[in-house]
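There are 2 protein chains.
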Amino acid sequence: MAEISLHRPYPASAVEAWDFKTDVAVIGFGAAGACAAIEASAAGAKVMLFERGSGSGGASGLSGGEIYIGGNGGTEAQREAGFSDSTEDFARYLKMAGGPCADEAKCDLYAKQALKHFDWLKAQGIPYRGNYLPGKQIEPMDDSTLIWSGSEAAAPFCNEAKPAPRGHVIQHMGWGGGRPLMDILDKRARDLGVELVTDARALALVQDGDRIVGVVLNIDNKPHFVKAEKGVVLATGGFVMNEEMRRKYCPETFKVNDPIGDQDDGTGINLGVSAGGDAIHMDQFFTTCPWTIPEPQANGVFVNVAGQRFINEDCYHGRVSRTMVDQPGGRVYLLLDSAHFAEPLELARTDIVGTGDSWEEVEAELEMSKGTLSATMAFYNKHAKNGVDPLFDKREPILTPLDQGPFVALELNFETSYFSFFTLGGLKTSIDGEVLDRTGSPVGGLYAAGRCTSGLPAWGHGYSSGMSLADCTFFGRQAGRKAAG
Amino acid sequence: MAEISLHRPYPASAVEAWDFKTDVAVIGFGAAGACAAIEASAAGAKVMLFERGSGSGGASGLSGGEIYIGGNGGTEAQREAGFSDSTEDFARYLKMAGGPCADEAKCDLYAKQALKHFDWLKAQGIPYRGNYLPGKQIEPMDDSTLIWSGSEAAAPFCNEAKPAPRGHVIQHMGWGGGRPLMDILDKRARDLGVELVTDARALALVQDGDRIVGVVLNIDNKPHFVKAEKGVVLATGGFVMNEEMRRKYCPETFKVNDPIGDQDDGTGINLGVSAGGDAIHMDQFFTTCPWTIPEPQANGVFVNVAGQRFINEDCYHGRVSRTMVDQPGGRVYLLLDSAHFAEPLELARTDIVGTGDSWEEVEAELEMSKGTLSATMAFYNKHAKNGVDPLFDKREPILTPLDQGPFVALELNFETSYFSFFTLGGLKTSIDGEVLDRTGSPVGGLYAAGRCTSGLPAWGHGYSSGMSLADCTFFGRQAGRKAAG
Numbered sequence: 162m163a164e165i166s167l168h169r170p171y172p173a174s175a176v177e178a179w180d181f182k183t184d185v186a187v188i189g190f191g192a193a194g195a196c197a198a199i200e201a202s203a204a205g206a207k208v209m210l211f212e213r214g215s216g217s218g219g220a221s222g223l224s225g226g227e228i229y230i231g232g233n234g235g236t237e238a239q240r241e242a243g244f245s246d247s248t249e250d251f252a253r254y255l256k257m258a259g260g261p262c263a264d265e266a267k268c269d270l271y272a273k274q275a276l277k278h279f280d281w282l283k284a285q286g287i288p289y290r291g292n293y294l295p296g297k298q299i300e301p302m303d304d305s306t307l308i309w310s311g312s313e314a315a316a317p318f319c320n321e322a323k324p325a326p327r328g329h330v331i332q333h334m335g336w337g338g339g340r341p342l343m344d345i346l347d348k349r350a351r352d353l354g355v356e357l358v359t360d361a362r363a364l365a366l367v368q369d370g371d372r373i374v375g376v377v378l379n380i381d382n383k384p385h386f387v388k389a390e391k392g393v394v395l396a397t398g399g400f401v402m403n404e405e406m407r408r409k410y411c412p413e414t415f416k417v418n419d420p421i422g423d424q425d426d427g428t429g430i431n432l433g434v435s436a437g438g439d440a441i442h443m444d445q446f447f448t449t450c451p452w453t454i455p456e457p458q459a460n461g462v463f464v465n466v467a468g469q470r471f472i473n474e475d476c477y478h479g480r481v482s483r484t485m486v487d488q489p490g491g492r493v494y495l496l497l498d499s500a501h502f503a504e505p506l507e508l509a510r511t512d513i514v515g516t517g518d519s520w521e522e523v524e525a526e527l528e529m530s531k532g533t534l535s536a537t538m539a540f541y542n543k544h545a546k547n548g549v550d551p552l553f554d555k556r557e558p559i560l561t562p563l564d565q566g567p568f569v570a571l572e573l574n575f576e577t578s579y580f581s582f583f584t585l586g587g588l589k590t591s592i593d594g595e596v597l598d599r600t601g602s603p604v605g606g607l608y609a610a611g612r613c614t615s616g617l618p619a620w621g622h623g624y625s626s627g628m629s630l631a632d633c634t635f636f637g638r639q640a641g642r643k644a645a646g
Numbered sequence: 162m163a164e165i166s167l168h169r170p171y172p173a174s175a176v177e178a179w180d181f182k183t184d185v186a187v188i189g190f191g192a193a194g195a196c197a198a199i200e201a202s203a204a205g206a207k208v209m210l211f212e213r214g215s216g217s218g219g220a221s222g223l224s225g226g227e228i229y230i231g232g233n234g235g236t237e238a239q240r241e242a243g244f245s246d247s248t249e250d251f252a253r254y255l256k257m258a259g260g261p262c263a264d265e266a267k268c269d270l271y272a273k274q275a276l277k278h279f280d281w282l283k284a285q286g287i288p289y290r291g292n293y294l295p296g297k298q299i300e301p302m303d304d305s306t307l308i309w310s311g312s313e314a315a316a317p318f319c320n321e322a323k324p325a326p327r328g329h330v331i332q333h334m335g336w337g338g339g340r341p342l343m344d345i346l347d348k349r350a351r352d353l354g355v356e357l358v359t360d361a362r363a364l365a366l367v368q369d370g371d372r373i374v375g376v377v378l379n380i381d382n383k384p385h386f387v388k389a390e391k392g393v394v395l396a397t398g399g400f401v402m403n404e405e406m407r408r409k410y411c412p413e414t415f416k417v418n419d420p421i422g423d424q425d426d427g428t429g430i431n432l433g434v435s436a437g438g439d440a441i442h443m444d445q446f447f448t449t450c451p452w453t454i455p456e457p458q459a460n461g462v463f464v465n466v467a468g469q470r471f472i473n474e475d476c477y478h479g480r481v482s483r484t485m486v487d488q489p490g491g492r493v494y495l496l497l498d499s500a501h502f503a504e505p506l507e508l509a510r511t512d513i514v515g516t517g518d519s520w521e522e523v524e525a526e527l528e529m530s531k532g533t534l535s536a537t538m539a540f541y542n543k544h545a546k547n548g549v550d551p552l553f554d555k556r557e558p559i560l561t562p563l564d565q566g567p568f569v570a571l572e573l574n575f576e577t578s579y580f581s582f583f584t585l586g587g588l589k590t591s592i593d594g595e596v597l598d599r600t601g602s603p604v605g606g607l608y609a610a611g612r613c614t615s616g617l618p619a620w621g622h623g624y625s626s627g628m629s630l631a632d633c634t635f636f637g638r639q640a641g642r643k644a645a646g
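The listed protein sequences correspond, in order, to chains B and A.
Under my numbering, the first residue of the first sequence carries the number 162, and numbering increases by one thereafter.
Under my numbering, the first residue of the second sequence carries the number 162, and numbering increases by one thereafter.
Bound conformation, chain B alone (with noise of 0.2 Å):
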């Protein structure tokens, strides 16, 4: 028997005998793998899922269950909430979403279809109750299902594309709407004939030639051998819970410490470079820590150890919190006034670290040279009055003045605040799903999509919230008809 290795393929010409035959594998049952395996069975073709868990979920179970949806004028619940939302600015929000590491084939292929892509989640099974949330939104604390997901509204971004809410989420009471998003996909699944294997682990690709014709599993631990006649799908996400992996492609994560993911352990990577496929944009991870909640506290103001401002804090919470990350000193403060303070969420762990009657003693209490935080709020109050930013662009209804003590400072600690956080870089993809090599040409038969893969979520700066979803129902469903065809 030669080596089973993640790490190259093994020879189709050692395996002994296939205990499994189908026309397309699955990898992974999260939203990508439910998705692939939906639209691969729907086409016509036998299909087997692979999942290392003991059931459906993956990284999408844990998730807010909220799709990046709008584009071709809107969605019926932009458009009775008042937006219309145009192709174009949908493609250009994306693309300045996705900055230097922007797919822009993935973006206007998606910004297109995304409307139709929405019917098609309805189509599956899952509720929309079709009203609109103002306000600034983690995930809906009701069974509301559109909401400001992103930074639409927030410069540099509305200066480029005209903003329009597009976080559309599955009705569901409260947070945690990935899990009965996950259900659904599962029971739709496999409702189409869709074969389902748990307690499966993929341990290395089946090559013939220059194809992968099936892939190895450990099953009762045994070594499976499964036949894949048309294609094997990728679909088991990111390699978050991997810390060799983001030691060599993703250190700057090591700042922070709440992983979020299931058994992302960069399998699907891993495997689709033993191909030759191509990993790309490896360090960019999103990471945020929930400061926007409750919601008064969006008001807030952020200041680094300098004391000074750094960002639009109207921008979506992710970018805000990659943006902390990024300044020395290995924390920032949120400064709050007593017309905007809340308790904060205790999920958070950011606690109350100065307080004064006057910006002057929190700066005090801060430790933090006379002239710096205070200067800094005494600036931001003479122009928010007159409704201005003069700094970072931040406007009205967000700007107001902080200016009614008593005051506060919360630590966001990098090291002891929750920063969750998971990575962005993958697998380069097709539109169409295939694993390219390192020329750009797909490696025949095998087939990625999520978060195993970089695509429409592909910058912690940038990233919104539904994106990552967005990409691994619309992306998975593209790799599974393709596979199937």
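It is worth saying that the hints were derived from the structure and are not from the lab.
One should not assume that every hint holds.
It does not matter which identical chain is used: a pair holds within one copy or between any two.
[Claimed, not checked] Cut-off 25 Å, straight-line C-alpha distance, at most; resulting in silico cross-link-like pairs (BS3-like, lysine-lysine):
1) 323 - 383
2) 323 - 207
3) 273 - 323
4) 297 - 546
On the provided structure of chain B, position chain A as indicated by the hints.
Structure of chain A alone, referenced to chain B:
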């Protein structure tokens, strides 16, 4: 004939005839390749060196010929100048300079061995006058051979590692010591019997089972097959000249416009990955704008478009420049008073964009809000008079009030000013120069050194002059010896 590709090893079984046979084949005749060839040859191996250009040099030949050396109490030049330099302080600085990307084993080994390495360099014939030239130098304008070449004396580095100047420059009148350094290594390699083939571009590695046994090169427009009994050493430099690779792995470099390189198109990285090698920290790059010349300008203060300082300006010009490029707005300003202004280096392309008899006037000319830049300078000057910098811990003698009008602001524009840059990410190698696969095991018969690897200069924010040539020469030697052994 099988396909010849950078991205897939050529099977030895498909080689019809070997055009050359050698023990060790070195690819690339910069400093890393030269030192690998010299050591392999000195160890008794037959060595062939293949260079894509028409002679030696590579990016090393374009450099200042500066090598970062210290530890073990210091070199004679360091000690004569009054600097002792412990191995521990040297190693600590190397690790801080590597930041989150540091390869601690390489830092520790090099810190222990650097003095012996210096002896070896001198034994090859590289001349050192042995004198210390104080002050802020990019390269000596005269033939001095010891300068400060990093952030050693600046906070936060000086708080953790006792500072010493460690930039050992070949004795050579004026800038550009890299070329004479390469001439010496070139001659030394030839004298030892290294067989040089120029105008020979690597096309593919040759693999027999798991082992690399040779290389295919384009010579006279035909593929030539080279058998390398003991090993192939990749020393082809980074990928700064490959826009497609930069787009995928290091897109932040598109902010700046002046690549430094020769034919650094990522060939060695691609070849290494094709054999199962692991490319790490691919997002890292060095950049610098020569703003410390003429020397009085080093006393300047930098502000971003929000009028905020962002670093201890006493740090290495490359660290300061790399941090500039992190600032929003596409440009930063260097602020100087009449006591410290001198006509900037034409090379730098840094124009005067604001002047005034007060900082308020400069601020107004730059169309910055009242109380931004001027407040920053008032705060800075007030504390500088007392010898402190509460924000970034800049220290005397570089900490001088800038209060003697008229005042001036130079613009360092990322797109139009001279920001030279090169890439730092590359193959993961052992301390012996073995190319490591994704599990950390050596790829048999394959070695690498220099900028096609991730080595001592691993982190753009920590780079110091001389680190890359230290890495090329020392780990080039390691690779050559190991390949020959």
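Results of checking the hints against the structure:
1. 323 - 383: neither (55 Å within a copy, 56 Å between copies)
2. 323 - 207: neither (44 Å within a copy, 66 Å between copies)
3. 273 - 323: Within one copy only: 16 Å inside a chain, 59 Å across chains, cut-off 25 Å.
4. 297 - 546: So residue 297 and residue 546 pass the 25 Å test inside one copy only (22 Å; across, 46 Å).
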